[in-house]
Each structure stands twice: as structure tokens, then as C-alpha cells.
Amino acid sequence: MLTIRGLAAGPLRPYLVSTLCVVGGFAVVALVVAATDGDLTVAVTGWMHGAFGTPYATAQTIAYATPLVLIALGSSPALRAGVIVVGAEGQVITGAILAAALAISPLGELPAIVALPIGAAGGILGGAVWSMIPAVPLLRWRVNEILSGLMANYLAIQLLAYLLRTSMRDPEGHSTPRGADLPDPSRIPFLPLPGRLTAGVVVVLALVVVGIWWHRSRAARVLDIFAESRWLAGRLDLSPARAILGTTAVSGAAAGLAGWMQVAGVDGRLTPGVAGGIGFTGLVVAVLGRSRPVPIVVAGLIMASLTTGSNGIQLLSPGTPASIGAVTQGVLLLAVAMALALTQRNRARRGAADD
Amino acid sequence: MTDALALHRVSRRFGTVEALHEVDLRFEPGQVHAVLGENGAGKTTAIRLLAGLDQPDSGTVQLGDTPIRLRSRDAAIRRGIGLIPQTGSLIGELTLVENLALTQPRRWLRRRHTGAALAAAAESTGVVVDLVTPVQKLGRAQQQLGELALAIAQGARILLLDEPTSVLDAAEIHGLHLRLRAFAASGIAVVLITHRLSEVRAIADTATVLSRGRVSWSGAIGDADDVTLARAMVGVLPTTVPPARPAIADAAEAVLSLDGAWARTDDLAPIKDIHLQVRPGEIVAVIGTAGSGQRALAETAAGVITLKRGTRTAAGTVAYVPEDRMDALLPGLSLKWSAALLRLREPRFARFGMLRNNEVSAFARDLFTRFDVRPPDPDLPAAALSGGNAQKLVMGRELESAPTIAVLHAATQGLDLRAANGIRTLILATAAAGTAVLLLSADHEEARALADRVLVLREGRITGEYTAAEYDHAVHRIVDDRPDEGGRAC
Amino acid sequence: MTEFVALLLGSAFVSAAPLIMAGLGEMFLERSGAGFNLGIEGILLCGALAGVLGSAAAGPWAGLVAGLLAGLVWGLLYAVCAALGLDIVLIGITISIAGAGLSTYVFQVIAPTGRTNISAPLLPTLPVPGLSDLPVLGAPFRALGIGLWLAIGLAIVSAWILRSTRFGLRLRAADDGETAALRGIAIGRYRLAAALIAGALAGVAGAVLAVGTIGSFTPLMSGGRGFLVLAVVIIGRRTTRGVVAGALLFAGMDGLALLAQTRDLGLPTEAYHALPYAAALAVLCAHSRWQTHRSTKIVTDAITNSRSTTIEADSALPGPQANATIPHRVKGDSHG
Chain L
207 MLTIRGLAAG PLRPYLVSTL CVVGGFAVVA LVVAATDGDL TVAVTGWMHG AFGTPYATAQ
267 TIAYATPLVL IALGSSPALR AGVIVVGAEG QVITGAILAA ALAISPLGEL PAIVALPIGA
327 AGGILGGAVW SMIPAVPLLR WRVNEILSGL MANYLAIQLL AYLLRTSMRD PEGHSTPRGA
387 DLPDPSRIPF LPLPGRLTAG VVVVLALVVV GIWWHRSRAA RVLDIFAESR WLAGRLDLSP
447 ARAILGTTAV SGAAAGLAGW MQVAGVDGRL TPGVAGGIGF TGLVVAVLGR SRPVPIVVAG
507 LIMASLTTGS NGIQLLSPGT PASIGAVTQG VLLLAVAMAL ALTQRNRARR GAADD
Chain F
5 MTDALALHRV SRRFGTVEAL HEVDLRFEPG QVHAVLGENG AGKTTAIRLL AGLDQPDSGT
65 VQLGDTPIRL RSRDAAIRRG IGLIPQTGSL IGELTLVENL ALTQPRRWLR RRHTGAALAA
125 AAESTGVVVD LVTPVQKLGR AQQQLGELAL AIAQGARILL LDEPTSVLDA AEIHGLHLRL
185 RAFAASGIAV VLITHRLSEV RAIADTATVL SRGRVSWSGA IGDADDVTLA RAMVGVLPTT
245 VPPARPAIAD AAEAVLSLDG AWARTDDLAP IKDIHLQVRP GEIVAVIGTA GSGQRALAET
305 AAGVITLKRG TRTAAGTVAY VPEDRMDALL PGLSLKWSAA LLRLREPRFA RFGMLRNNEV
365 SAFARDLFTR FDVRPPDPDL PAAALSGGNA QKLVMGRELE SAPTIAVLHA ATQGLDLRAA
425 NGIRTLILAT AAAGTAVLLL SADHEEARAL ADRVLVLREG RITGEYTAAE YDHAVHRIVD
485 DRPDEGGRAC
Chain P
10 MTEFVALLLG SAFVSAAPLI MAGLGEMFLE RSGAGFNLGI EGILLCGALA GVLGSAAAGP
70 WAGLVAGLLA GLVWGLLYAV CAALGLDIVL IGITISIAGA GLSTYVFQVI APTGRTNISA
130 PLLPTLPVPG LSDLPVLGAP FRALGIGLWL AIGLAIVSAW ILRSTRFGLR LRAADDGETA
190 ALRGIAIGRY RLAAALIAGA LAGVAGAVLA VGTIGSFTPL MSGGRGFLVL AVVIIGRRTT
250 RGVVAGALLF AGMDGLALLA QTRDLGLPTE AYHALPYAAA LAVLCAHSRW QTHRSTKIVT
310 DAITNSRSTT IEADSALPGP QANATIPHRV KGDSHG
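Those sequence lines, one after another, are chains L, F and P.
In terms of the numbering used here, the first sequence has 481 at position 275, counting the first letter as 1, and numbering is strictly consecutive.
In terms of the numbering used here, the second sequence has 171 at position 167, counting the first letter as 1, and numbering is strictly consecutive.
In terms of the numbering used here, the third sequence has 241 at position 232, counting the first letter as 1, and numbering is strictly consecutive.
I should point out that these hints are in silico values taken from the structure, not numbers from a laboratory.
Remember, it's a predicted structure, so these values are computed and weren't measured experimentally.
Cβ atoms here follow ideal geometry from the backbone N, Cα and C, with glycine treated the same way.
One thing to keep in mind: the hints can contain errors.
[What the hints assert, rightly or not] So, partial list: chain P residues that the calculated Cβ filter (under 7 Å) puts toward chain F:
id	residue
1	I170
2	S173
3	R179
4	A182
5	L191
6	T227
7	D273
Okay, chain L solo, but in the shape it has when bound (with noise of 0.2 Å):
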């Protein structure tokens, strides 16, 4: 039936309901906008000019999506197992640590076919021995892996300063502590498209439709299982300890391999600001994703576009600051995170109960 009641009721009722939700962040983020004086209506314009308005506007918002949508996709399957992996900020730190040291060392010099797989390969070791720390105390010890985890960012992060300051430091001396730069083999290409796309899109996007494929697979189920029973998905041979190593190794795996993108593609060297809080956005974006591939490039793309877009408000409309991007993230995640919970509980009420 089209009638609203109708809508209300029937299986669109998940999609109307989240629809709502997030139509009421936005709304909030207006009511923001126009509390601080700015117009909106520049400040939409803006917006849409910043993320997608020329080509190299598009290109940029596809780049700054790329490391999120990897974070994202290699922090589902620890999300869909119930472990909330929260590291992802420090484990590319460490990533981007690892890839920036092979390369700056004799292998680095290497002709690229065999100094880029190195660097990557960097990248996902720093990152998921990294993600351990986490891992292994909520594995024998049940410690909460949300809080172990933020408190190794913060370690990782003292890491880079002191590596930074001491035996990484660029020895030509420059102001501000920085890395030296890669060598040429080291480097990712960039892509002869307009804007700073690096090779690193193509090697994403790869990861993308094997995400496509393995979400539907029996393994994620399972986990899916073992979220909900231990001892139910024990019955399926899939232990406690191959769940929560594996799934945060991989998740670990993949902020790495976003930290050698950071550094060996974009920056070229290894700053203080190598992670600059995609590890949090990106889970973020997993989050809004609700772990599957496809709602994680749509999520991605349009946290990307909230941070390029943001520029072109403040370009527009000087009265509104670029962090209304950030305001906007956390609306939006809390109206998903309502929008959940309120079709989590009408679904449970909904079905029939009796013969």
C-alpha cells in the first residue's frame, strides 16, 4: 500500500526510519550553520563545489575516502565478530613507521616492482604486530579492547615524535621534525588523473570487491555467529583465539597498509601528522557502513566530501568554519547509531510471537 501508514508499516520501515534519522542530522547541522549566522544555502552550494564541483575537487574527495574506506573494510570483520577495534589511528602510525624505515634503508633503493611490495608489506606488519596489543590482553585476560586500544594510539603516537626527533630525522634539518624522503622507487605513482590519486585507489578498490565477495561468505558468518555465541560458533571449529587474533590482525593489516599509502604516496615522507585522525574516522565510516563494502564507499565518500566540502564553505562563506565537517560527522553518526537501535527494536517487537 503507498498510503504513509502502509510505508510505516511494511518491510521499507528499516530504510524510512534510518532515512528520517539522518535527515534530522542534517537537519541539526542547519540549525548549527544558521545559529552562528552563516547561510545556508551558500553553505550547501559550498559544499557541493568543494567535494565534487571540478575534477580535481572529485579526485580529492576519492583520495581522502581511499584510506578511509581501507580502515573500514579491514575493520569489518572484527566488527562483525564483536570486537570493536578502535586502534586503527595508531596502527597506522606504526604502519607508516615500518614502510617509511624499509624504505629509507638499502632496500628502498630497489628498482619499484620489488621496493613496493616491500614498503606495503612494512606497512601491514607495522600494523597488525601493532594491533596486537589490544588483542592478545582481551584474548587472556578479557581487558576491554576499546580502552587498550586508544590508550596504544597514544603510545604509538610518542613513538613517531621520539623516531621523528631522533634516528628518523630528516638530516637535512628543517623547522619542524619530518622524515626524510623516500626514494623514488619507494614512491607510489600517482595516477594521470587530475588531482593526487595515487596508485593506492586501484589497490582499494581490488580490496573492495574481494570485501564484496568475502561478506557473503560462510566465514563471515560464522563470525557473525561468534558475536552473538561463543560457544555456538565453537560447535563450528572457529576457537576465540582464530576470532579475535585473526579478525584484528586484519584490521590492524589494513590501517598499515593505509599508513604506507600516507606515507609513501601522498606525503612522500614521514610527518607527525602521518595519521591525522583517519584511524577514527574510518572507523567511523565502518560504523555508518554497517560493515559491508558497499555502504563503506558510499559512507567513505561522503565523509571525504564533508572534509573537501568544508574547505569550499569557508572558501563561500567565511563565516562558517571548515570543522562544521567535523560537527556533521558526529551528528550523522549518532542519528545512524539511533536509527539502528530504534529499527533493532521495532524488528525484535515486530515478529509474530504466537502458534
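The hints should help you fit chains F and P onto chain L, whose structure is shown.
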């Protein structure tokens, strides 16, 4: 002068299960009144209604023949209705004095003042208990005495005690009985919910027996003998003889055996030194009440928990149907996954690594039809199933793969007659096909109808073993389980 | 040496006040069974901005009130979302992100880069009688920030509330939801109160952070302290004394890090900056390890997948569900 508390023609239903039907209960002041019944008879529901934790669907709660509405536990407390629930109602990290302060009108705790009031209440009833240690550090018997003192200090004129002796030893039970009679003598109405006839004989003046939600007997204790009461609790036993079971060869090798097994799970009722064997095609029933260690035994036999001591040998596949159906289902996922769970690794459910949802749905639909699970919708969330249908699904899923061993805990608890009969037929068929069945239950009729052998589990130990034929005569003796002289409950 | 200790104490006292206050608030929240708040970081930032704005407008005390109000709003949001059934982890992360974004945004609207920053009057200081007369060690005690006085005062009041008022006892009782319901306590009400207290205190903590010694706002100025508060409460075993001690400990490490920037203390300065987080991690592991060994469960995973150590009631009654505390994956209390 206290008023009599009563339930007048009260009914209460949960989903399809009718917990109480037109029940009349009356508790006079100055007397000890026992409410007897098996698990699931409706005793706890009745107590919740009397204590203000629930409201009746029809009928009224009455105080002194006037209908009253008990909208909350707080309202009932104010009317002087004290409750000592089976699992205790004291906040562990607080002391008894602090627990009392929780429900006092005073906003600032005057420790000495409240402490004195509580001490006075305790003393007036002969209770000796530590008032200043956090409750969780006191033993269970002490906690119970503390709850009694608290209830008196709160001005209770009616005391509802739900299975108070299930975790006490003989000496503590005796002490409690003296206290309860003292309370009655002082004009308080004492209501004792129990399944133990021995206790009823010891202190009760009057009794009401509940069976399947209805009053099956009511009157003065002196007017009935044990057999009458037992039959009222258990219900009329069918006179028909159960169908002849194929004889189990004595020499057959047991596929499940526990030898000197000690274990505990998280419900504080451990099993101690269990020796048990089940042979292929045999149905062994283990009868025990709440707190006897059934769950620990079930989980040990099924291999869910590891033994503290002793050995477990199990050959082949083990199916397990736990007491709480939801533990065996996946509430967050669609029903079809709970249905196909055990067979998920089979090749037919995946192609090129990707799951074939249609195959899973087809399998689920087939399972629903075979075991009459309703509604037969594979995409429904599993949390939406009613208890009876959830049970049918779990039983069907576990047994249809013809396991070597099946451990079934409370297989027909909470089910209506038709569903229960369906499950029993299924169990018999499974055993006939060669599965070794371990049936844990509190339902004597079920044990008699299905089992080849019946074991009695009490306080973690096997205290008796009977064949099905012998067991028939032993019913009333089982119901009247006396606590172990000198042994501790847990 | 004593001069070093004096300097250390001085900077520790400054850093401790926000940690203590936010820690007390979080303590109330956790003890009421309402979960744990990952959003303290966001509330600190909003409180800091509110504090600066309030102080610039009407003096430092107005700044504190502004911070309290800002935090109160976030506390209310937490309570409402938790009551709706949202996963508290998600709520916390959202508040952190939204709070950080909102504070940065509003600041940049009011004081865009390029123009002069807002500067606000600071909170006054008071000397500690007696201790301030000591020759060298007396230095940090001569001008103890009001923030710290306030924090200690709040600690004393909190301890009294939890021990000797009916409100406090009921709040503690709300942690054991099922039993509390049997005693007729409206746990929802007390958890709401706890959330409001937690939010308000975190807001004031943020205000103290900004107008205690700094007097201006910088985006993201809290630098991860919000998450450190959670570790403070864990070390402090959710008691008032423990929170104060834990906060002083972490503040001391903070102070060490500051001093290490200007003098050689043996280890690289980054090590001292990392110290609080490493210590928190170690405490988390030790605490959970101790809990696991103490647990009454025999095996790590019994039939339920709960990671808690709560003991299920044996008699299953059909009845209303106890108010859900921590839904979703983080079932039960896996960090306390």
C-alpha cells in the same frame, strides 16, 4: 490487628502459557501457610503478584477482604508485605544497615539510629546477624536472616518466603523454622513457598497446593496425608502404561559416561562425584529441583564446561538443548541461521565460498515443517519466537542430525500440553533410532513416561537410581526430599 | 632535588584538578550501572570552550557555571540515548567526535584565525596554610588553584553522598539492577541522575582545564585526557580516594613529561609523555587478569558469550526485563 492477605480469582498469562487460572489464596495472620507445587506450577507468579512486582490479568489482590492495587514493589512494602525471594533481595556491596536505609523515608543516613532500629527488630525476633559487614561477605543463611530482620524493621505484617531452604543445611533450616513459628506467634502471617513436604509438615498450619496454574488442594495440614498432597502436586498420573521400550542389552557399551565428575557452572550449584552412563538407545532421566546442580550436570555431560575433577568420555556427536532456549539460538540473526547452524559447513550451503542463502532458507523451511515451528518464516528474527516454538526449533535442529548423544535439559518446561507431547514423541523416536539420551528434568511424569532409568540428583549428588517401573511407586518419596543431615547444600 | 620535587608537585597539582573532577563524575556513572562514558573527551572540550567564553563574559566563576551547563547537556544526551537502547560505546564515541567538532567549530566562528584569540580571566589561587611556609617544598602550596580546592572538596562531598545519603545508597544499588527492582528502587531515575552528574562534572573539569592556568581555548586542547579518566577510575577502583590518588599519579606523570622537555631526565621526553598511557594499559591488564582468576566461572566461555562475571539468578521468572545496562557486544562489565 493484621488483615488477611489474599488472591481472589486471579489469572495471569504470559504469551500462550497460562501461569495462573482463577486462583484463590488466603493467608491469615498468626499462621504459617505453605504454598506447594512443582516447578512451573505458578507459585512464583503468585508471589510476584502478592509482592507488587506484577499485576494480575483478572481477579484482585485483597487485604482484609478489600481489593487493593499494588502498583509497585514500593507500594506493597508500604502495606507491610515483606518478600524474601529465592535469590535474595539484598544489595551485595551494602551492609544490612545500608540496605535498610534504601527504603527509609530519611534522606540522610543516621547510621547509629538506623542501626539501632534494625538491631531492635532483629532482637525482637531472636535473629542474630552481623549488621555492618557488606552483605556479599555474609553466608547465605546469614543473608536470609538479615532479610527477615529487614522486613520486620520495615514493618512487615506478612512475610512471603520463596523457597528459603533450598540453599541451607539441616541445622540452618531448623533455626529458620523456629524463627518462622516465632513470627507467626507474634501475629505475622508467614507464607512459605516450597516443594518440600517435610518442611510443610514441620511448621505449616495450612497449605494450598498449586498444580499447572490451578489450586488442586487447600486446607489445614492436619487434614491430609503425604500421599494426598503429593498427588495434588504432581497431578493425576495417567493410568495407561507407556509403550513398551525396546530392551537395552546390558552388555552394550556406554557412549556417554561420567566418572567421579566434579564441576560447577555459574549458577552456584555444583555437581559432586557423579557416576553416570548412557548407552545407545537408552533414555536416562535425571530428576532434580532448582539448585540441585542440573545445569552443571547438563553442561558437563554436553562438554560445554570442563570438569574440576573426574573424567568424561563421549563418543560421536553430542547434541545439547539447554534450559534457556535462547542460549541455543542466535537472537540477532534471522531464524534460518539458527535452524541451519549445525550444518553450515556442509558443501551444499556455499558455492565458491559464498553462502547460498536460498539453500539455507529451504533447509530451514523444511525443518520448520517437520517440527511444527511457527511462524515458519526463515527471515524472522530469532528473538521473535515464542518459548514453545523456540524449543521445537532447538530440539528439531539438534536431534534431526541423528546425534550419538543428546543432552536435553528441561525439554518440555513451559510448554502447553500439545507441544509437550510432540517433544516427547520426538525424544522417543530419537532414542529408538539409537541415540543415547540424557534427560534432565524436574517433571516426574515426564521421567516416568520416557525413561528407562531414573536418577535422582540432590545437592549435586546422585542419591538414587530406579528403573522406570520402580520409579512409579517412588514418586511421593521423591517429592518429599529431606535435607541431608549434616551435609551442606553448596 | 627538592626543587625538582617542588616543580613536579606544582605542575601535578595543575593537571590533577580536571582529572579528579571528571573522574568523580565517571565514578558516579559506573557505580550506578549505567555503563562507561567514552565521550568524556568531547565534554571536556565543550566545557573548556564554555569556560573560556563564560569567564571572558562574566569572570571565572561564570566560566565554571558555563562549563557545568555544557556538560549537563551532554550528560542528558548520554542518558537519553542509553535509555533508547543505543550501544553505549557508540554513544561515547559520538559524543567525543561531536563534542570535539562542535567546540572547534564554535570557537572558530567566534574567534576566527588571524584575529586575536579570546583571553579570559583565570581562576584565583589560595595558599595552603602551614605547608606554604616550607622553604623550598612550600612553593607549589603558596598559590594552589581554586580548581584543585574545588576538586578536593567535590571528592569529599562525593564520598559523603555515596556513603551516607539515601540517594547515594540507591545509586549504588542501581548497579545490581535486578535486585534493586525487587527492593522497589527506580533504577532508571538514578542512572539518569548519575549521567547528569557525570556530564556536569566533566564539563566543569573542562572549564577548569581552560581557565585554571591557561585562560584561552585551543581546538582539541584536552589531548586525550578524556580517555585517561577512564583509566583513572579503573585504577582507583571506583572509590573517591582511589580516583584522587590515581588522578594525582597520572598528573605527576604529566608533570614529569613537562619537566623532561627542558631538562635531561634520563629517558627521552616522549617516554614521559607516553608514561600515563603505558601505565593505564598496564593497570588495565593487571586488573582484568586479577578479575579473571578470581571469577567463579571455571571456563572462559560457558554457554553464554557474556564476558561479564555476573552470576545469573537460578530461578527464571517470566517478568519485565531489568533495565538494560550495557547492550550490544560489550555485554556485562568487561572493564571493571
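Taking the hints in turn, this is what the structure says about them:
| no. | hint | result |
| --- | --- | --- |
| 1 | I170 | 10 Å, violated |
| 2 | S173 | 5 Å, holds |
| 3 | R179 | 6 Å, holds |
| 4 | A182 | 4 Å, holds |
| 5 | L191 | 4 Å, holds |
| 6 | T227 | 42 Å, violated |
| 7 | D273 | 48 Å, violated |
Violation of the numbered hints given earlier is confined to hints 1, 6, 7; the remaining hints are satisfied by the structure.
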